[in-house]
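Protein sequence lines correspond, in order, to chains A and B.
The opening position of the first sequence corresponds to residue 1 in my numbering, with each subsequent residue numbered one higher.
The opening position of the second sequence corresponds to residue 1 in my numbering, with each subsequent residue numbered one higher.
What the hints contain is simulated information worked out from the structure, not anything from laboratory work.
Hints are not guaranteed to be accurate.
Unchecked claim - Dumping the calculated SDA-like pairs for lysine to any residue here, alpha-carbon to alpha-carbon at most 25 Å:
hint	chain 1	residue 1	chain 2	residue 2
1	B	Lys-140	A	Asn-80
2	B	Lys-6	B	Lys-141
3	B	Lys-74	A	Tyr-221
4	B	Lys-41	B	Thr-117
5	B	Lys-69	A	Val-214
6	A	Lys-202	B	Thr-117
7	B	Lys-141	A	Lys-202
8	A	Lys-202	B	Trp-111
9	A	Lys-202	B	Val-156
One letter stands for each residue in the lines below.
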Amino acid sequence: MGYLSKILNLVWKDLVIEFRAKEILSVMLIFAILVPIILAFSLNSAQETTENIFPGIIWVALTFSGILGFNRTFLNEKQNDSLLGLMLTPVDRTAIYFAKVIVNFTMMIFTEAVTLPLLFILFDFRFRGSILTLVLVIFLGTLGFTSVSTFLSALSANTRASEILLPIILFPIIIPVIIAAVQSTGIVLVGASIGEIASWIKLLGVYDVIFMAVPFILFEYILEV
Amino acid sequence: MSKKLKGHTFLGWLTFAMIIFALYMALVHAPVERVMGVVQKIFYFHVASAWNAFFAFFVVFVASIIFLKTRNRKWDIIAKVSAEIGVVFTTIVLVSGPIWARSAWNRWWVWEPRLTTTLILWFIYLAYILIRSASIEEDKKGVLAAAFGIIGFLDVPVVFFAIRWWGSLYHPEVVKGSGGGLHPAMFQALIACVVAFTFLYFYFLQKGIFIELSRLRIEKIREELRAEN
Chain A
1 MGYLSKILNL VWKDLVIEFR AKEILSVMLI FAILVPIILA FSLNSAQETT
51 ENIFPGIIWV ALTFSGILGF NRTFLNEKQN DSLLGLMLTP VDRTAIYFAK
101 VIVNFTMMIF TEAVTLPLLF ILFDFRFRGS ILTLVLVIFL GTLGFTSVST
151 FLSALSANTR ASEILLPIIL FPIIIPVIIA AVQSTGIVLV GASIGEIASW
201 IKLLGVYDVI FMAVPFILFE YILEV
Chain B
1 MSKKLKGHTF LGWLTFAMII FALYMALVHA PVERVMGVVQ KIFYFHVASA
51 WNAFFAFFVV FVASIIFLKT RNRKWDIIAK VSAEIGVVFT TIVLVSGPIW
101 ARSAWNRWWV WEPRLTTTLI LWFIYLAYIL IRSASIEEDK KGVLAAAFGI
151 IGFLDVPVVF FAIRWWGSLY HPEVVKGSGG GLHPAMFQAL IACVVAFTFL
201 YFYFLQKGIF IELSRLRIEK IREELRAEN
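Just chain B, same shape as in the assembly (with noise of 0.2 Å):
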């Protein structure tokens, strides 16, 4: 167990490293965007987030169709965390939306496809949280959540379609990103900060997977006891 807990410490302290680093690559290397002002920041963390949030969904969908398939507690403890690691940073991606949207659309909020399928991504996983803490036997939840993991994940792209087609109805100005012609030094803070943010993913995922384990040894240990007692 100390073994493993030296090599959570040193994913904990290289993830620390590289956040440092992203933010230095973010908040100094990358020169200030000359509209937007500083607020443009935000951008940085905003995109690695977004990133961070899909593929943890994309880990919960893979997660939970090998569950079904194997019937090992050990993916639907990933679907579990990863789920969670990726709602918080859904939560993140639209806190920090609007506040970069009043500045560069003067607006908090534009019912734009991406920001809209985000919003329902944000539902879907609150839903699939829901299923994990409802009141269900331990072994039929993990099933029952990985079905819904896998309905929920394959709705996302349908969704995004139906708001894009929806929203070019009332909205045809589409906001378009500022991918294109993102400055050199942009860019590679941009990569720097989705490169910190997938190493904090997996630091948050290694750290959710010990919790977890630890509770069901918990609870077997306390089993054991009930037994002699």
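Only chain A is shown next, with the shape it has when bound in the complex (with noise of 0.2 Å):
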């Protein structure tokens, strides 16, 4: 089996499981939408301002969400121990990684294919920009967040309060991805040209680079017992 097949098949075993238990996607959807809820209570948002904050509300719910499915990632693989059978597959361990990456970015996708029209919705936003580059900074945004958080996730796996630590190592790392991502969604939603938001896209996929390569390098470290 060549390097790639390996990975779909990691991939396709964990979203099987997902599939059947439905435990964590319907979690993360649900809190997908509470979060804006909340948010709309707290900032009391008129219809003035929802323009501005409305990025933010976005962001904001995609990464609590995301961090409440990824504690799950490795969690669910010490039980009955099967991340130990995980690692005595013949694979490369950096091929377990970028399965894990690439079931939590499906399952982010998921739940932002299913929140973000009800958001626009909720918050009655008037959608002035280009799908397309939209759909371009939240698939960037959304890898970043993903890479990192799934590399942490194993590193916090390994520890007794894990679900606690998960969230105060994580936030200081994705800063640089909260700031691009709301800036260029902010201006994407107005409706200006990509030319515009250049800078923050070149951040959003420096960021992606490095934080892809160095947990690509590490993450034999992480899961070694």
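Work from the hints to combine the two standalone chains into their complex.
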């Protein structure tokens, strides 16, 4: 089996488990709607200010629900010692990392596809930009967020209090993604051209590359017992 | 062991003398700034602490890489102690900064790139210490902390650029540091402070490593005693 098909096999395994249990995705979906509702009450958003805070609401909702789901990425594998079984399979450790990134990314994209249209309706937001640019921004932002989160959730899964540790170690690290994603989403939503967000897109791209490459090197150390 | 402790004492007294000299340079030798007045004296210790903090985190980064490569416990201990010292000095930066800013910019806090990056830096290394204090086996803890030490350090420049671009959207009047036109005596005082604080860093590092090694030895003795009984 080639490297790619090994990864795809691991991805398929996780997606089948998730599809049958619907344990994580359902929570992520509900949470991604619940957070904006809390924010709507606490920010007292009037119609005029919605335009300014809407991109922030989107990304706060996505990161919070993402963390909720990613906490389980490696904790689920710890039950019945299946992480050990996974490590005994004849695959490179990095294949496990990439498989987990792809699974988490898929779940995030699914959450976004369901909740974003709902948020536009809830906040009565008139979308004036190009859908393609928005998809690009969300894709890059989600990728950067997912690659770091997956790595750090593997790291925190080693500790006993992993669920409370993950947000604390993750939030300071993903601040560049949040800034770049919120800024570029805000610009795209009001219908600016792709040229205006070029520097943000570049920043997201650089972040994605760095935080895919470094976990790729370090992941082996994290998984060893 | 006693020879080692003598070395500690020597470095301790040397650092003490350096700090006294730095205090003299900053408080007496350097002139009082015309606009900001006496408050500007914070600047010397503020900058020296910031330098120490960045230096300490750089040491964490390098020691983490070497530890992952060699698996020598010594580097793990250096990274741990250095991170703790770095957080202490970052705290000093974050406390002294607003006091100075209040009289310089008339605001306690400005969401300015360097300030905000320092704040994020503080949180990153608090997270590092939390990983250190989490309940994991001792051997594994070093590896996990080293991995985070590397990731965290690489994140810092990205954070800085992100915040700089973000800040320029909301605060076009970027606050300029007073680096350019320093009075020669002020510059000498700054250098004295930075050098003295660097000595202080190494003194703390030495003490921290010594404490960690003693802790390991006590644990070893305890295990031996337990095995005997």
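Problem - Numbered hints the structure breaks, given as an ascending list - result: 2 and 7
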